[in-house]
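2 protein chains.
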Amino acid sequence: MACIVMKFGGSSVADLEKLRHVAGMIAAVKSRGFDVAVVVSAMGKTTDKLVSMAREISDNPPRREMDMLLSTGERITMALLSMALNAKGLAAVSLTGSQAGIITNDRHTDAQVIEVRPFRVQDELARGKVVIVGGFQGVSYKRDITTLGRGGSDTTAVALAAALDAERCEIYSDVDGVYSTDPALVDEARHLPELSYPVMQEMSTSGAKVLNAHAVQFAKQKQIAVYARSTFGTGRQTVIRRFSPGALLGVVAVVSQRRVALVRIEARDALATFKQAAAVLEKEQVPIKEVNAIEARQGRSGSKVSFVVAGSDVYGWEKIRSGLEERFGDAIAFEEGLAAVSLIGEGLMRNNTTLLRTLALLERNGIRIAGVATTSFRISILVAEERLEDTVKLCHRRWISG
Amino acid sequence: MACIVMKFGGSSVADLEKLRHVAGMIAAVKSRGFDVAVVVSAMGKTTDKLVSMAREISDNPPRREMDMLLSTGERITMALLSMALNAKGLAAVSLTGSQAGIITNDRHTDAQVIEVRPFRVQDELARGKVVIVGGFQGVSYKRDITTLGRGGSDTTAVALAAALDAERCEIYSDVDGVYSTDPALVDEARHLPELSYPVMQEMSTSGAKVLNAHAVQFAKQKQIAVYARSTFGTGRQTVIRRFSPGALLGVVAVVSQRRVALVRIEARDALATFKQAAAVLEKEQVPIKEVNAIEARQGRSGSKVSFVVAGSDVYGWEKIRSGLEERFGDAIAFEEGLAAVSLIGEGLMRNNTTLLRTLALLERNGIRIAGVATTSFRISILVAEERLEDTVKLCHRRWISG
Numbered sequence: 001m002a003c004i005v006m007k008f009g010g011s012s013v014a015d016l017e018k019l020r021h022v023a024g025m026i027a028a029v030k031s032r033g034f035d036v037a038v039v040v041s042a043m044g045k046t047t048d049k050l051v052s053m054a055r056e057i058s059d060n061p062p063r064r065e066m067d068m069l070l071s072t073g074e075r076i077t078m079a080l081l082s083m084a085l086n087a088k089g090l091a092a093v094s095l096t097g098s099q100a101g102i103i104t105n106d107r108h109t110d111a112q113v114i115e116v117r118p119f120r121v122q123d124e125l126a127r128g129k130v131v132i133v134g135g136f137q138g139v140s141y142k143r144d145i146t147t148l149g150r151g152g153s154d155t156t157a158v159a160l161a162a163a164l165d166a167e168r169c170e171i172y173s174d175v176d177g178v179y180s181t182d183p184a185l186v187d188e189a190r191h192l193p194e195l196s197y198p199v200m201q202e203m204s205t206s207g208a209k210v211l212n213a214h215a216v217q218f219a220k221q222k223q224i225a226v227y228a229r230s231t232f233g234t235g236r237q238t239v240i241r242r243f244s245p246g247a248l249l250g251v252v253a254v255v256s257q258r259r260v261a262l263v264r265i266e267a268r269d270a271l272a273t274f275k276q277a278a279a280v281l282e283k284e285q286v287p288i289k290e291v292n293a294i295e296a297r298q299g300r301s302g303s304k305v306s307f308v309v310a311g312s313d314v315y316g317w318e319k320i321r322s323g324l325e326e327r328f329g330d331a332i333a334f335e336e337g338l339a340a341v342s343l344i345g346e347g348l349m350r351n352n353t354t355l356l357r358t359l360a361l362l363e364r365n366g367i368r369i370a371g372v373a374t375t376s377f378r379i380s381i382l383v384a385e386e387r388l389e390d391t392v393k394l395c396h397r398r399w400i401s402g
Numbered sequence: 001m002a003c004i005v006m007k008f009g010g011s012s013v014a015d016l017e018k019l020r021h022v023a024g025m026i027a028a029v030k031s032r033g034f035d036v037a038v039v040v041s042a043m044g045k046t047t048d049k050l051v052s053m054a055r056e057i058s059d060n061p062p063r064r065e066m067d068m069l070l071s072t073g074e075r076i077t078m079a080l081l082s083m084a085l086n087a088k089g090l091a092a093v094s095l096t097g098s099q100a101g102i103i104t105n106d107r108h109t110d111a112q113v114i115e116v117r118p119f120r121v122q123d124e125l126a127r128g129k130v131v132i133v134g135g136f137q138g139v140s141y142k143r144d145i146t147t148l149g150r151g152g153s154d155t156t157a158v159a160l161a162a163a164l165d166a167e168r169c170e171i172y173s174d175v176d177g178v179y180s181t182d183p184a185l186v187d188e189a190r191h192l193p194e195l196s197y198p199v200m201q202e203m204s205t206s207g208a209k210v211l212n213a214h215a216v217q218f219a220k221q222k223q224i225a226v227y228a229r230s231t232f233g234t235g236r237q238t239v240i241r242r243f244s245p246g247a248l249l250g251v252v253a254v255v256s257q258r259r260v261a262l263v264r265i266e267a268r269d270a271l272a273t274f275k276q277a278a279a280v281l282e283k284e285q286v287p288i289k290e291v292n293a294i295e296a297r298q299g300r301s302g303s304k305v306s307f308v309v310a311g312s313d314v315y316g317w318e319k320i321r322s323g324l325e326e327r328f329g330d331a332i333a334f335e336e337g338l339a340a341v342s343l344i345g346e347g348l349m350r351n352n353t354t355l356l357r358t359l360a361l362l363e364r365n366g367i368r369i370a371g372v373a374t375t376s377f378r379i380s381i382l383v384a385e386e387r388l389e390d391t392v393k394l395c396h397r398r399w400i401s402g
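Chains as they are written, first to last, in the working numbering: chain E, 1 to 402; chain S, 1 to 402.
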């Protein structure tokens, strides 16, 4: 039987009344003859509350224990949603990440899904049950509970959809899809009804909150169509699927990320220095966003390493910075208080026009450019954080709504 | 190395400050050179809050989902306590019931511990870590999360102590041990410094709240000494261990249980009828406390079956009663609103003196006796619930404080 995976974010299950509404939506899909697997987040602000308790207990709680703590949030939701479905007369069963076969590495608080072994999910679906899986969590090969980091429930949903060979994956949240930029920043933000996998992936990596980049990667691998919808909305949606010939070329979105830091290290051996710095970051599980330049002029003094770290990805940035300062002393410099603004679209770098015109536009408006990085789907520009809003507005007007 | 198991109840870990106090107590024991395994309950009223959410969602939530929901409470405590210990520089690791090898049957919401396989606990202790285990929870052979029912964290603690061959098991709560009766009911209640396993077991079965009867059974099997202490108290305690020659004979305690129902069924074939009734109760996992009489005069009309059910043990009594009424119609009668008052002690029934004098005492005071049951450690008397307090006071004054 065709299977649909439905994922509900924290605001969609924030209280018991909303949980009942969600149970009704699930029942409607089930009654149309689909097998239904559901992935849920923690209710409303539950995760924030648990995090603040942990912070009150310890400045630096062990990551494994953070995962033990935070994974309880989704378990509360899934048990209550299962009860709500059973109360409607619909057989349902809740499964933990571990029970659902979400196998991860042991990178606690930011684990990667390595494999999904959905045998138990399949068994329960075959018995006609709605299966509710706790999002955001998995189990490591060491049999410890792990969590998948920010937006991890999306990853659970899409990875599960891929493993179940689902017809599609529906991601329900409090917004009705993906916009050309953050509507809270720019009034002219446009709703995007359709996006390709790589464009959505670049948007997520660069700061768009609607869908996790890792989730999009799973969808791409197995060509699962992902529908981003509002739980309480009118029916507008964004479909993320294989690139269609009619898709737009050029800039389709302007996304941004706050709390970005540019780290520069003066070094005799740039490559060795970079490795040392990366080791410090790796120990604390900090992803490096961009390595702007490794001027590996080996043996010559005066060479430089620089890279970009996004503070919002980082757990305990203060501690990491002191670790780096201790290691490199005067040779290291931090430029903090930056933001990254990224233009996203197919074929952006086929020629240099978009990049050059954007740089000229920002210069004309007195916006200092601290750095630039590009891929074939993205042009990212580092600016001072207080100029983020201006930069986003200028770029959006120039390339999308202008 | 000698191992001590410490168990902390909900009131001992009700907030973060208390958690820190408990962390200090653990550190003190650890510093004396013991291996320490800790068992924790959910913080304060967490379990009650989760239960009331479930009740709001459903009149009759599936037991499996109740277990999924309720087991999160202990997981929050154990993760936070592990963080508090790590913050003190003490290596600690939290383990779920499943990770700690607490294997149960699949009788959800009231599961029995079948086996403890504490390999991971032993490994972590051998690494010098304090191991913190979530109480009240286990895992069934079907790999589902189960909970152990009322007072289940005691069972976790003692079963773990037995499996680890611990030197002793310390149960910390908000009272400093076991009393001769409920101090809230009777001012003259006496603190009991020492009790044998069977006396404690009868007390727990008959309504004493300090320690779970199942836990005492585990302690008895492996001869683990159990210390009941107050977390914030002065050092008074009750030790439960093998019967010592100096232990008191006669009535040592008067305990009581509210919401008791006496069920009577008129039947032609009393034994077959009892089996049918027991099947209805078994389906809903209701334990039968006493089968008062099976007057199995087979083939003769007018024979009777009667048994006692304690409402406080029962999950959804209204539903069970209608099930029985549906099955037996006019032949069944319920006497509700009863209480059981039990005198506990070694050798109580060596002769009939204690029983006869107690019955005479109650009759003199106008207390109607709805039923009597005895074992060699216990005399239980059913009275109207509104006479419970009088009955307890009269018995306590006559046999203990008089």
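Among the hints, a few may not be true.
Each pair may be met inside one copy or between any two copies, as identical chains are not told apart.
[Stated by the list, open to error] The calculated EDC-like cross-link candidates involving lysine to aspartate or glutamate, where the alpha carbons are at most 20 Å apart (straight line), are:
hint	residue 1	residue 2
1	K319	D15
2	K88	D110
3	K275	D330
4	K18	E56
5	K209	D48
6	K393	D187
7	K222	D165
8	K142	D123
9	K49	D15
10	K393	D48
11	K304	E335
12	K142	E325
13	K209	E188
14	K275	D123
15	K393	E194
16	K304	E325
17	K220	D174
Hint data in this document are derived by calculation from the structure and do not stem from the laboratory.
Going down the list of hints, with the structure as the test:
1. Taking the closest pair of Cα atoms, K319 and D15 never come within 20 Å of each other, the shortest separation being 36 Å inside a single copy and 28 Å across copies.
2. With identical chains, the CA atoms of K88 and D110 are never at most 20 Å apart, being 36 Å at best within one copy and 25 Å at best between copies.
3. Taking the closest pair of Cα atoms, K275 and D330 come within 20 Å of each other only inside a single copy of the chain (18 Å); across copies the shortest separation is 84 Å, beyond that limit.
4. In this assembly of identical chains, the alpha carbons of K18 and E56 lie at most 20 Å apart only when taken from different copies (13 Å versus 30 Å within one copy).
5. Proximity of K209 and D48 under a CA criterion of 20 Å is satisfied intra-copy only: 17 Å inside one chain copy versus 35 Å between copies.
6. Taking the closest pair of Cα atoms, K393 and D187 come within 20 Å of each other only inside a single copy of the chain (9 Å); across copies the shortest separation is 75 Å, beyond that limit.
7. Taking the shortest Cα distances, K222 and D165 sit within 20 Å of each other inside one copy (8 Å), while across copies they are farther apart (51 Å).
8. Within a single copy, K142 and D123 get their C-alpha atoms only as close as 25 Å, which misses the 20 Å cut-off; across copies the closest is 13 Å, which meets it.
9. Proximity of K49 to D15 under the C-alpha cut-off of 20 Å is found in both arrangements, the shortest distances being 15 Å within a copy and 14 Å between copies.
10. In this assembly of identical chains, the alpha carbons of K393 and D48 never lie at most 20 Å apart, being 31 Å within a copy and 50 Å across copies at closest.
11. When the C-alpha separation of K304 and E335 is checked against a cutoff of 20 Å, the pair qualifies only within one copy, where the shortest distance is 15 Å, while the shortest distance between copies is 87 Å.
12. Taking the closest pair of Cα atoms, K142 and E325 never come within 20 Å of each other, the shortest separation being 34 Å inside a single copy and 52 Å across copies.
13. Taking CA atoms no more than 20 Å apart as the test, K209 paired with E188 passes inside one copy only; the shortest distance there is 18 Å, against 65 Å between copies.
14. Taking the shortest alpha-carbon separations for K275 and D123, neither the intra-copy value of 47 Å nor the inter-copy value of 35 Å comes in at or below 20 Å.
15. Taking the shortest alpha-carbon separations for K393 and E194, neither the intra-copy value of 22 Å nor the inter-copy value of 77 Å comes in at or below 20 Å.
16. Within a single copy, K304 and E325 get their C-alpha atoms as close as 16 Å, which meets the 20 Å cut-off; across copies the closest is 85 Å, which misses it.
17. In this assembly of identical chains, the alpha carbons of K220 and D174 never lie at most 20 Å apart, being 24 Å within a copy and 56 Å across copies at closest.
The structure does not agree with the numbered hints 1, 2, 10, 12, 14, 15, 17 stated previously, though it agrees with the rest.
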